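Student: Chains V and A, in that order, give the protein sequences. Just so you know, this note's numbering puts 47 at position 47 of the first sequence, and the rest follows in order with no gaps. Just so you know, this note's numbering puts 109 at position 109 of the second sequence, and the rest follows in order with no gaps.
Hints may be right or wrong, so weigh each one.
As the list claims (entries may be wrong) - Subject to a maximum C-alpha distance of 25 Å in a straight line, what follows is the list of computed SDA-like cross-link-like pairs (lysine to any residue): (1) Lys-98(V) with Glu-55(A); (2) Lys-96(A) with Phe-107(V); (3) Lys-67(V) with Thr-104(A); (4) Lys-96(A) with Thr-42(V); (5) Lys-67(V) with Val-39(A); (6) Lys-67(V) with Leu-105(A); (7) Lys-98(V) with Lys-137(A); (8) Lys-98(V) with Leu-98(A); (9) Lys-67(V) with Glu-55(A); (10) Lys-67(V) with Lys-137(A); (11) Lys-96(A) with Phe-97(V); (12) Lys-137(A) with Val-39(A); (13) Lys-67(V) with Pro-99(A); (14) Lys-98(V) with Leu-105(A).
The hints are simulated quantities; they were obtained by calculation from the structure and are not laboratory data. No experiment lies behind these values; they were computed from the predicted model shown.
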Amino acid sequence: MNLSSSHENGFLVVSVNELRIDASVAIQFKDRMREETENGETRVILDLSQVDFIDSSGLGAIVAAMKQLGTDRRLDLAGLNPNVDKVFRLTRMDTVFKLHRDLSDAFTH
Amino acid sequence: MPQTSCFNLVFSASPGNVRTALNDLCVFLENNTISENHVGTAQIVAGEVLNNVVEHATRHQADGRIEITCEITFESLIFTVCDNGTPMPRGGIPNKGLPPVDTTLDNLPEGGFGWALVHLLTSGITYHRRQDKNCLKFTLPAIGKSSLSE
């Protein structure tokens with residue numbers, strides 16, 4: 001599971017360098033997110049712009065990643081492709097996460 | 001008579017093979033000029049159904065096999081998914097609604113979305129157990145049931 005992170009504009013940006021977050025990688029994703037977000041800024045943005053498919057296991061892993069951050073930090077999502085956005089809206093998870101069009105939108109809102 | 005086109009794939013049940021099957025399904029649908037939106041919806045639904053087989057029905061068997069068929073008709077995609085795994089619990093399709101998301105951080109659901117997504121995006125879903133096989137049929141209308149699927 002290829003994740004990378006950078007520090008930009010006071011945010012910790014974690015990029016998912018994969019096409020899919022699905023059942024076969026959901027646990028790895030959760031573990032890698034723990035490593036990438038162990039230290040760093042209070043506000044974390046998950047850049048999903050390279051991801052073109054998530055399933056319910058992938059969605060659950062993103063929720064788990066947010067829970068790992070605890071109540072003092074925050075996880076926003078950016079760059080959702082239409083199929084990824086659809087899963088968030090259908091499951092009402094768009095009401096739990098703040099979804100940004102892209103990273104620059106996330107930095108300014 | 002409108003022509004129909006059919007996709008059929010038999011594979012051994014594993015998460016990796018589900019990925020490959022979904023990829024093949026998407027290529028088939030794209031080659032048949034199904035819109036990007038509907039290919040996306042088909043992948044979401046087929047993914048949930050196939051993962052469910054791998055994670056539950058055939059979980060404890062080495063010879064788990066899945067057959068997926070997708071028929072393109074004039075106005076819908078008709079899916080059949082059969083497997084040689086254990087029967088559905090209580091002999092039927094779980095009719096689960098969405099888990100509540102209006103809750104505290106600690107209580108946010110990390111699962112339980114799969115069948116809810118399938119019910120939201122399909123119509124006419126049926127389940128049969130015959131000759132030690134599970135057989136699920138469902139239809140994706142060309143125009144999604146929910147405006148959210150658009």
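Student: Hint check: Lys-98(V) vs Glu-55(A), CA-CA at most 25 Å. Holds or violated?
Tutor: Not satisfied, since the Cα-Cα distance of roughly 30 Å exceeds 25 Å.
Student: Does Leu-98(A) sit within 25 Å of Lys-98(V), going by the straight-line distance between their CA atoms?
Tutor: holds, 20 Å
Student: Between the alpha carbons of Lys-96(A) and Phe-97(V), is the straight-line distance 25 Å or under?
Tutor: holds, 23 Å
Student: Starting from Lys-67(V), check that the Cα of Thr-104(A) is at most 25 Å away, please.
Tutor: holds, 10 Å
Student: Keeping to a limit of 25 Å between CA atoms, is the pair of Lys-67(V) and Glu-55(A) held or broken?
Tutor: Judged against 25 Å, a Cα distance of about 24 Å means the pair holds.
Student: Assess, step by step, whether the Cα of Lys-98(V) is no farther than 25 Å from the Cα of Lys-137(A), and give holds or violated.
Tutor: violated, 36 Å
Student: Holds or violated: Lys-137(A) and Val-39(A), Cα atoms, limit 25 Å.
Tutor: Within the cut-off at roughly 18 Å; holds.
Student: Given the proposed pairing of Lys-67(V) with Val-39(A), does the C-alpha separation stay at or below 25 Å?
Tutor: Violated, at about 32 Å.
Student: Decide if the proposed pair is consistent with the structure: Lys-67(V) and Pro-99(A), CA atoms, cutoff 25 Å inclusive.
Tutor: Distance of about 16 Å is within 25 Å: holds.
Student: Decide if the proposed pair is consistent with the structure: Lys-67(V) and Lys-137(A), CA atoms, cutoff 25 Å inclusive.
Tutor: violated, 36 Å
Student: Taken at face value, is the distance from the CA of Leu-105(A) to the CA of Lys-98(V) at most 25 Å?
Tutor: holds, 14 Å
Student: Are the Cα atoms of Lys-96(A) and Thr-42(V) separated by 25 Å or less?
Tutor: violated, 36 Å
Checked against the numbered hints given earlier, the structure breaks hints 1, 2, 4, 5, 7 and 10 and satisfies all the rest.
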